[in-house]
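Q: The chain contents come next:
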Amino acid sequence: MGSGQSLLIRGGRVVDPANQRDETADVLIEGGIIRAVGRPEIPSDCRIIDADGLVVAPGLVDMHVHLREPGYEYKGTIASGTRSAAAGGVTSVAAMPNTKPVTDDPSVVGHVLDKARVGGIVNVYPVGAITKGLLGVELTEFGLMLEAGCVAFSDDGTTVADSGVMRRALDYARAFGALIIQHAEDPSLVSGGCMNEGVTSSRLGLPGIPAESESIMVDRDIRLVQLTGGRYHVAHLSTAGALEAVAGAQAKGLSVTCEVAPHHFSLTDEAVNGYDTYAKMAPPLRSEFDRKALLEGIARGTVSAIATDHAPHDEDSKKVEFCCAANGVVGLETLLPVSLELVFGGIITLPQCIALMTCKPAKLLGIHCGALTPGFPADLVLFDMMEMWQVDSGRLHGSARNTPFHGRKVRGRVKKTLVAGKIVFEEG
Amino acid sequence: MVEMMKSNLWNRKHLLSMRDIGRAEILSILDTAASFREVNHRDIKKVPTLRGKTIINLFYENSTRTRTSFELAGKRMSADVINMSVASSSVKKGETLIDTLATLQAMNPDVVVVRHSESGAQEFLARHLNAAIINAGDGRHAHPTQALLDILTIHDHLPIMGREGFEGLKVAICGDILHSRVARSNVQGLTTMGAEVRFVGPPTLMPARVEEAFNVKVFHRMEEGIAGVNVVMMLRLQQERMAKAYVPSIREYFHYWGLTRKRLALASETAIVMHPGPMNRGVEIASEVADDLERSVILEQVANGLAVRMAVLYRLCTPQSRS
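Here the protein sequences line up with chains A and R, keeping their order.
Numbering-wise, our numbering comes out as the position in the first sequence, counting from 1, plus 9.
Numbering-wise, our numbering comes out as the position in the second sequence, counting from 1, plus 2.
Don't take each hint at face value.
What the hints assert, rightly or not - With beta-carbon atoms standing in for the labels, derived distance ranges: (1) Met-109(R) to Trp-398(A): 41 to 49 Å; (2) Arg-309(A) to Lys-246(R): 36 to 44 Å; (3) Pro-196(A) to Met-86(R): 33 to 41 Å; (4) Ser-172(A) to Thr-272(R): 55 to 63 Å; (5) Ser-172(A) to Tyr-258(R): 34 to 42 Å; (6) Pro-196(A) to Glu-214(R): 25 to 33 Å; (7) Leu-144(A) to Pro-250(R): 28 to 36 Å; (8) Tyr-83(A) to Ala-229(R): 57 to 65 Å; (9) Glu-396(A) to Gly-170(R): 53 to 61 Å; (10) Asp-22(R) to Arg-56(A): 55 to 63 Å.
To be verified - Sample of chain A residues at the chain R side, in silico, Cβ under 8 Å: (11) Ser-211; (12) Leu-213; (13) Gly-283.
Said to hold, decoys possible - Under 8 Å between C-beta atoms, here's a sample of chain A residues computed to sit facing chain R: (14) Glu-206; (15) Gly-207; (16) Val-208; (17) Ser-210; (18) Arg-212; (19) Gly-214; (20) Leu-215; (21) Gly-217; (22) Tyr-284; (23) Lys-328; (24) Glu-330; (25) Phe-331; (26) Cys-332; (27) Cys-333.
It is worth saying that the hints were derived from the structure and are not from the lab.
Cβ coordinates follow ideal geometry from the N, Cα and C atoms, glycine included.
If we strip away everything but chain R, and leave its shape as in the complex, we get:
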C-alpha cells in the first residue's frame, strides 16, 4: 500500500470532472482504492490515515448512497465528517451557495464534497473560493467518483472477460443520456482508458450532436446497441421525463429500452450489467437481470464506491500524497 501511494500521480487540488484526468492518473487512483478495500473487510473498519482532517459533505440535492459513501469513506479513515443537506429549489441559489461555501471555508475544512443540481456549480465554487472541492455530482455535467468506481468495477472483471486491459472493450451506456452526469463522466473516463463506448437510447434522450461531442457510436435500438458488448451500463429514467414529452410512457420505454434477460443475451456471454442506482425496476431494468448475480455487479459498484472515495479523499486531504 505504501508503495502504491508513492507511485501516484495525483497532484490536483479539486476533483471536478473526468475531463482532463489521464490514464496514468486513473490507474493510480484505482491502485489506491484497491489497497483501501481491505480496510472495509476488517473486523474494526478504521485506519488513522486522515485523523485530524475535516471533510464537509454539502448536498444540495437528495442523495442516499453517494452521501453515505463519502461519509463512511471519511469516517473509516478517522476524518471528522460533517453532513449538510440543503433543501434546494435550484433557482436563484447563487449567492446562498457561494456564501455558504465561504462560511464553510472559514472553518478551514480540508475538503468539501459538493452535490448540486446545476451543471458547473462546483467549477464556479472552485473559481471563487480556496476550499478543495470534490464534485459529487453537478446537474447533467459530471460525477467523477462514479466514473472512477465504475472503471474500478469493470477493471475487476476484465479477467473474467478474458481481457488484459480496457483496449477494445465495448461498453454500452443505455437510457437517459441527455440528463445523465454519470454517462458524461463515464464516457470521458472509459474513452481515456481505451474502451469503445456506445450510447443507446431514444433520440429524445440524447444530447445535441452527441457523436461529435463525445466521440461515441449512437444506437436508438437496444438490440443493436448492446449486441456483443462487454459491459451494459443502465441509467435511471426519471419519472418526470414523461411530462416534457421526452418519452410517452413507462410501458413503451421498458418495451423498447428496458434491459431484459432476453435482450442481455445479445451482449457478450461474459458481459456484466451495471447501474449507478437508484434503480427503477420495470422501467429501465427488469428484476430478473438486476438480481442475477452472475451478471449484475450493481452491489459491487457500491462497495467499490466506498473504496474509490476513500482513495480520492486520501489524495486530496494529504498534500504529501500528491507529490
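So that you can see chain A by itself, here it is in the shape it has in the complex:
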C-alpha cells in the first residue's frame, strides 16, 4: 500500500480499551496512520478489508521478548522473532538485552534498531541492560541508551542481586524517568534448582526453587523503591507472595508494577512431569496456589501487563537431561489464545484482556502505540475470537518450537496483523 493510499477495515467488533471503545465500527487508515474510527466517510480509492465477525484491536504489545540477535542467531533472529510476533498478532516487542554482545551500550542499541529496520516485520523496542555485561556491578549509560532508542532497563535472565547496585539503579534512573525491570530471583535460593520446589520436584528428584526466591527479592526491591522513588517493574511475576508485595506497594502509592506470562497463569509445575524440558523456564512454573493468585491479581488489576518472555531455543539446548536444558519457552504465537482463556473463564472482560496486551504495557514503556487513536500508527490485529485450533509446535512461524502448549486446544485465531497499515501476517 502506498503511503497516500487509504484502507478501511470494515464492520469488525472494534475493541480499543484506551478509548473505551467496544462496538461494531470501521477503522480508516491513511498513510499508515489511524485516521478515524466509527462510521467515517469512505474515500473513493479506498481498499477495503471485511472484518465482519472478527475482533479488530490495536496490535498487541509484548514488553518481554528475547530476539536472540545479535549473538545467538542459531536460536532465533530479529527476522524470525518478529515473524512469530506477527503471527501472534503482536506488532510491538520490547527486546531483552541478554544478547552477545549484551545491549549495554548505545552502539548495540543502534545495531538492534538497524537490524530491525531491515529484517524485522514488527516494531522492535530495545531494552537496555541495567549493568554492564549483566554482571550486576556497574551501571550502563541510561541517558545515552535512552537517546539511542531504549525504552527501559533490565538485566533479565539474571537478577540484580546486590542491594546497593539496585538502589543506585533505581535512584539514577529517576534522572530520566526510566523504568527498571527486575528479573526477581534470589540466586542463593535458586542455588542449582531447576524447577519449582514442591510435591512434583520432590517426586521427580529435581532440585527445587522455592517461591520465596522471588518474593524475597521483590520485597527487598520495594523497600529500595521506597528509599529512592524509582520506577520499578517486576518481570514475569510468578508467585502469590510477590504479587501480594506488589499490591501492597501499589496501595502505598509507590511506582511498582508487574507483568505475568501466559505460561505462569495457565500451567503449573505438574507440566514438568516426564521431565519435559519445554516446561522449563526461569522463573519456573509454580504451584496451583500461585497460579490462582495470579488469576486473582489479574482480576483485581494488580497486574499491568501480560508479556510472554518469548525465548526461542535451538533443539540441542532442549534435547538434554532436564537439569542441563536451557531455560525458556516461546510464547508469541500463543499469547492471544491463552490470554483469551481469562475472558472465557470469566476472570476479566475482553477489553480488559486486550488492555493488558496493548495500551497498558505501551504506557509503561512510554511508546506511541497500543491504541486506535487517530494519529497513532495503524498497528492492528484482526482475530476470530471463537475459532478453535490446536497448538502444534511443528507449525509455529518462528525458528524454534519450544512451546509448553503443544497439543493444547485453544480458542481465538489471528487472521491478519497490520503494522503501520501494512499487512505483515495473514492466516492461511
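Given the coordinates of chain A, assemble chain R onto it according to the supplied hints.
A: For chain R alone, kept in the frame of chain A given last:
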C-alpha cells in the same frame, strides 16, 4: 522355575522407576529372583538362559556394587556383558549422552543398563531412543532394582518378624532422604506392597512437602522415628553435604541420627537393619550395628541384588517371558 516364569505379569520394555509397578508385578519379579538365587550357589554358576543376548552397562557415575551386580547377573545367565564407564562432569552432557546411546543402540544390544547423575536422564533416553533401558540410578530420582532387592530382602525376613505379608509392616527410612533415589524408589515400592513407611532425618535433608509428596510420616528425632519399627533402612550421608549447610558436622549428625545399638533397641525386637551401601561407619551407622549379623542384613541385600538383577535382565531380554 518354569511355572513361575509363566505366571509373571511383566510386559514392560524398560525399567525406569517404581512409579507404576503394581503389587502383582513386584511379587512376580520376586518369584523369578528367588528362583535364580539357586544358580548363585551352584558349583558352576552359569545357566544358558541369556546366551546370545547382549547387555551394555553404561555408567556415568562411579559405582562398584551396582555395576558389578549387573555384570555378574548377565554373565551368570551367559549373556555378553560390556561395561562402559564414562567420566561425567554432569554438566552439558546432553548431546554426548543421547549420541552415546544412539551409537550403542546401533549395535543392537538387548538391554542397556544406565546410571546417571541427573534425575530423569533414563526417561529422557527412553523417550528418544528404541533401546530397552534399565535405570541403575538417576540423580535423586529412582533406583528401582535397589527397591526390588530391598523388598525381596524384607520379604525373606517376614517369617522371623512373625508376619505373613507387608500389610502394616513399619519401615523407617533414615538419613539423607532429600538426595536419595533409594528412598524414593523404596517408598513407592514398599507403599505399593502395603507397608507403612516413615522418613526419619533432619529437616534440611527432607524433600519439600514430603508428607504430601510421598504419603509418609516424617520424624526429625531418630528415637521417635524408629520406635517399634520392623525395618530400619539407613541411607548414606555424602560428606559434601556439610559444605552446603545441610548439616553442621559429622559429629553432630551421628550424635542425633546415627544408628547405634542403643537406638536400635527402640525398634521392634525382631527388626532388621538395612543399608544400600556404601556405608559410612561412624557417620550414619555404628559398626556395632552394621556388623551385628543378628540384625544387619546388609550382605543379604547384596546377594539378593544379584538375583533381582538376573530376574530383571531375564524379563527384559526375553520378550517371550513378558507375555
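Q: If a hint holds in the structure, say so; if it does not, say that too.
A: A quick look at each hint next to the structure:
1. Met-109(R) to Trp-398(A): 41 to 49 Å: 43 Å, holds
2. Arg-309(A) to Lys-246(R): 36 to 44 Å: 39 Å, holds
3. Pro-196(A) to Met-86(R): 33 to 41 Å: 36 Å Cβ-Cβ, so the 33 to 41 Å window holds.
4. Ser-172(A) to Thr-272(R): 55 to 63 Å: 58 Å, holds
5. Ser-172(A) to Tyr-258(R): 34 to 42 Å: Between Ser-172(A) and Tyr-258(R), where Cβ atoms are some 36 Å apart, the hint holds.
6. Pro-196(A) to Glu-214(R): 25 to 33 Å: 28 Å, holds
7. Leu-144(A) to Pro-250(R): 28 to 36 Å: 33 Å, holds
8. Tyr-83(A) to Ala-229(R): 57 to 65 Å: 59 Å, holds
9. Glu-396(A) to Gly-170(R): 53 to 61 Å: 57 Å, holds
10. Asp-22(R) to Arg-56(A): 55 to 63 Å: 60 Å, holds
11. Ser-211: 4 Å, holds
12. Leu-213: 6 Å, holds
13. Gly-283: This interface hint holds because 7 Å falls under the 8 Å limit.
14. Glu-206: 5 Å, holds
15. Gly-207: 6 Å, holds
16. Val-208: It holds, given that the least Cβ distance between Val-208(A) and chain R is near 4 Å, below 8 Å.
17. Ser-210: Ser-210(A) check passes; min Cβ-Cβ to chain R is 6 Å, inside 8 Å.
18. Arg-212: This interface hint holds because 5 Å falls under the 8 Å limit.
19. Gly-214: 3 Å, holds
20. Leu-215: At 5 Å from the nearest chain R Cβ, Leu-215(A) passes the 8 Å test, so the hint holds.
21. Gly-217: The hint holds - Gly-217(A) has a Cβ within 8 Å of chain R, the shortest such distance being about 5 Å.
22. Tyr-284: Where the cut-off is 8 Å and the nearest Cβ of chain R is about 3 Å from Tyr-284(A), the hint holds.
23. Lys-328: Because about 7 Å separates Lys-328(A) from the closest Cβ in chain R, which is inside the 8 Å limit, the hint holds.
24. Glu-330: 4 Å, holds
25. Phe-331: At about 5 Å, which falls below the 8 Å cut-off, the nearest Cβ of chain R leaves the hint on Phe-331(A) intact, so it holds.
26. Cys-332: With Cβ-Cβ at 5 Å, under 8 Å, it holds.
27. Cys-333: Because about 5 Å separates Cys-333(A) from the closest Cβ in chain R, which is inside the 8 Å limit, the hint holds.
In this structure, every one of the numbered hints holds.
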